[in-house]
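Protein chains: 2
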Amino acid sequence: MVDVAKAAGVSLATVSAAVNGSAPVSAALKGRIHKAIRQVGYKTNAIARSLKTGTTSTIGLMVADITNPFFTTTIHAIQELAHRHGYGVMLCCSDEDADKERMHLRLLADRMVDGFIVASAGETPELRALVEGGRTPVVLIDRLVDGLETDAVVIDNVAATRDAVRHLAAAGHRRIGLITGRRTLSTGRERYEGYRQALEEAGIAFEPALVGSARFGADDGYKAAAKLLSLADRPTAIFACNNLSGIGLMRAIHDAGLRCPDDIAVACFDDFDWANVFHPRLTTVAQPTQAIGVQAMLLLLERLKDATARALPPRVVRLKAELRVRDSSVRPAR
Amino acid sequence: MVDVAKAAGVSLATVSAAVNGSAPVSAALKGRIHKAIRQVGYKTNAIARSLKTGTTSTIGLMVADITNPFFTTTIHAIQELAHRHGYGVMLCCSDEDADKERMHLRLLADRMVDGFIVASAGETPELRALVEGGRTPVVLIDRLVDGLETDAVVIDNVAATRDAVRHLAAAGHRRIGLITGRRTLSTGRERYEGYRQALEEAGIAFEPALVGSARFGADDGYKAAAKLLSLADRPTAIFACNNLSGIGLMRAIHDAGLRCPDDIAVACFDDFDWANVFHPRLTTVAQPTQAIGVQAMLLLLERLKDATARALPPRVVRLKAELRVRDSSVRPAR
Numbered sequence: 001m002v003d004v005a006k007a008a009g010v011s012l013a014t015v016s017a018a019v020n021g022s023a024p025v026s027a028a029l030k031g032r033i034h035k036a037i038r039q040v041g042y043k044t045n046a047i048a049r050s051l052k053t054g055t056t057s058t059i060g061l062m063v064a065d066i067t068n069p070f071f072t073t074t075i076h077a078i079q080e081l082a083h084r085h086g087y088g089v090m091l092c093c094s095d096e097d098a099d100k101e102r103m104h105l106r107l108l109a110d111r112m113v114d115g116f117i118v119a120s121a122g123e124t125p126e127l128r129a130l131v132e133g134g135r136t137p138v139v140l141i142d143r144l145v146d147g148l149e150t151d152a153v154v155i156d157n158v159a160a161t162r163d164a165v166r167h168l169a170a171a172g173h174r175r176i177g178l179i180t181g182r183r184t185l186s187t188g189r190e191r192y193e194g195y196r197q198a199l200e201e202a203g204i205a206f207e208p209a210l211v212g213s214a215r216f217g218a219d220d221g222y223k224a225a226a227k228l229l230s231l232a233d234r235p236t237a238i239f240a241c242n243n244l245s246g247i248g249l250m251r252a253i254h255d256a257g258l259r260c261p262d263d264i265a266v267a268c269f270d271d272f273d274w275a276n277v278f279h280p281r282l283t284t285v286a287q288p289t290q291a292i293g294v295q296a297m298l299l300l301l302e303r304l305k306d307a308t309a310r311a312l313p314p315r316v317v318r319l320k321a322e323l324r325v326r327d328s329s330v331r332p333a334r
Numbered sequence: 001m002v003d004v005a006k007a008a009g010v011s012l013a014t015v016s017a018a019v020n021g022s023a024p025v026s027a028a029l030k031g032r033i034h035k036a037i038r039q040v041g042y043k044t045n046a047i048a049r050s051l052k053t054g055t056t057s058t059i060g061l062m063v064a065d066i067t068n069p070f071f072t073t074t075i076h077a078i079q080e081l082a083h084r085h086g087y088g089v090m091l092c093c094s095d096e097d098a099d100k101e102r103m104h105l106r107l108l109a110d111r112m113v114d115g116f117i118v119a120s121a122g123e124t125p126e127l128r129a130l131v132e133g134g135r136t137p138v139v140l141i142d143r144l145v146d147g148l149e150t151d152a153v154v155i156d157n158v159a160a161t162r163d164a165v166r167h168l169a170a171a172g173h174r175r176i177g178l179i180t181g182r183r184t185l186s187t188g189r190e191r192y193e194g195y196r197q198a199l200e201e202a203g204i205a206f207e208p209a210l211v212g213s214a215r216f217g218a219d220d221g222y223k224a225a226a227k228l229l230s231l232a233d234r235p236t237a238i239f240a241c242n243n244l245s246g247i248g249l250m251r252a253i254h255d256a257g258l259r260c261p262d263d264i265a266v267a268c269f270d271d272f273d274w275a276n277v278f279h280p281r282l283t284t285v286a287q288p289t290q291a292i293g294v295q296a297m298l299l300l301l302e303r304l305k306d307a308t309a310r311a312l313p314p315r316v317v318r319l320k321a322e323l324r325v326r327d328s329s330v331r332p333a334r
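Protein chains in written order, with full-length UniProt numbering: chain R, 1 to 334; chain P, 1 to 334.
Honestly, the hints are just simulated from the structure, not real lab data.
No copy labels: a pair is met if it fits in one copy or bridges any two.
Keeping only pairs whose Cα atoms sit at most 25 Å apart, straight-line, the calculated BS3-like set for lysine-lysine is: (1) K35 - K6; (2) K100 - K35; (3) K100 - K30; (4) K6 - K30.
Whole structure, please, built from the sequences with the hints as guidance.
See below:
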């Protein structure tokens, strides 16, 4: 500030008044001061301000896979709303690795972020300590963590999967395969449960051989799909539990010399920009990715800014996903 | 720290020695202290540390579109390397809006980040002041900004586009359309230049009517493509200057009742996971997105950590892109 005052040829008090609006300053003087600020590069010192308020106006955002379009839309929504409320977003990516997540959580805590939004790669002592410590609000997104009592925004995975598998059964399929996601995650478990419910509802016996285990990745989705497709009595339809395993599934169908939907019907979790451009246009479960981000940030803002909200018990918001039926699940008329 | 010492039943000096490794502490004592730390929630106070060192160990990362897969891989690489070196990443997204970028740059500067990596949405006084101020290192990625002398990592856009259009010409196409990107950006201008060079090289006269103006988005790409496809003498091949306009192009071809590659050959910038899964498998210019992120962070780290590097003149690193020829640009034999 001293440099600014010198450059503008005014007193320190005048600079302070102009910057903080603490006293009236003429437009001409303001102009000179702002020009000087640009020259000198003076900024309100965020560090000093943090020390005074004990807050950093920063939130930590931990996602499992930043290259997955599901997360990017959510990140974007969080970032938009955070900035509108004066919060910076410190981004960390665990790559679905619980150890990496622990490391990042420690770093974010060390940086004293004011709040956390976390799509957890799995329960860890750090995450539990953070939530149970109760000093810094934590909002989980996408995945719940068993026994962790905190705000969360997730979708109704059971219903969404049930709807999609019900759609395959309604098209006449009786041998419906599943490519699971990570069963250690709530999303993986709930989608599996939705599959079981749809089968039961349709009077189709559950066959363990038709369930391929994958971990929400394209390569493991490919492997699980290839195994299902090589069965003597292979499924006539397959549901994949996320977009990446859906991609793996499509690759496996191609490599096995099969055609979709003629030989095998496909539906999968997570819509994306490209799903309706190429052939076959993919039938997907579209999650409200933008709404997840907005809702998570709203819950966090309430905890950060409102003493009444801060006292509320943990809130779990469930949003609905939407089945988008396209070509890949519908056998052409013969 | 006082609370930790009390909870662990040891002296403050012992806690300090255990945390900072400044003196040997027995494993048993360390165990007790770490347990106490978990209970009390003690963290090295980043704010106090920042005040002491004048640095925040944070870099500001400004991208133009976080939902574009091109950027997500780059962001991921930057984030990985930054964390490995103890830097947090504050993420901002301009949505290709120069005003939003200005606002974010001010916020990041106010937070006193130690360095910037910026894919700029366009030249602004804030960006210029930041670079010319010379206090905080700035690395541009993806796009150069005219007259802004600072480190940058970009690809050789002219050569990459020339290669792709040359490939279309070599397949016998003489009427090759272009869907441009934003010509206010270096990427848009350079790719346009590569198109012109390839035509000239192939002895094809340049026709302004075959150039559709778009702004790197799917919707404007669609509109520009629809216009080209409605020409009485429409192009037999089209090159799109990024992945989103390529998607718009594919939609327009579909909606016009045309087939790719039978009626119209297609190639576009930016490879992505899905490009080789569906039909037609897309011919793309694959940018080294991961390498761009790593290289940008390396340049920034050098400026941040090495006084010798800090004194170097601006370095512009050009990386090569790779043409991946698939079905969309190759007419099937008849």
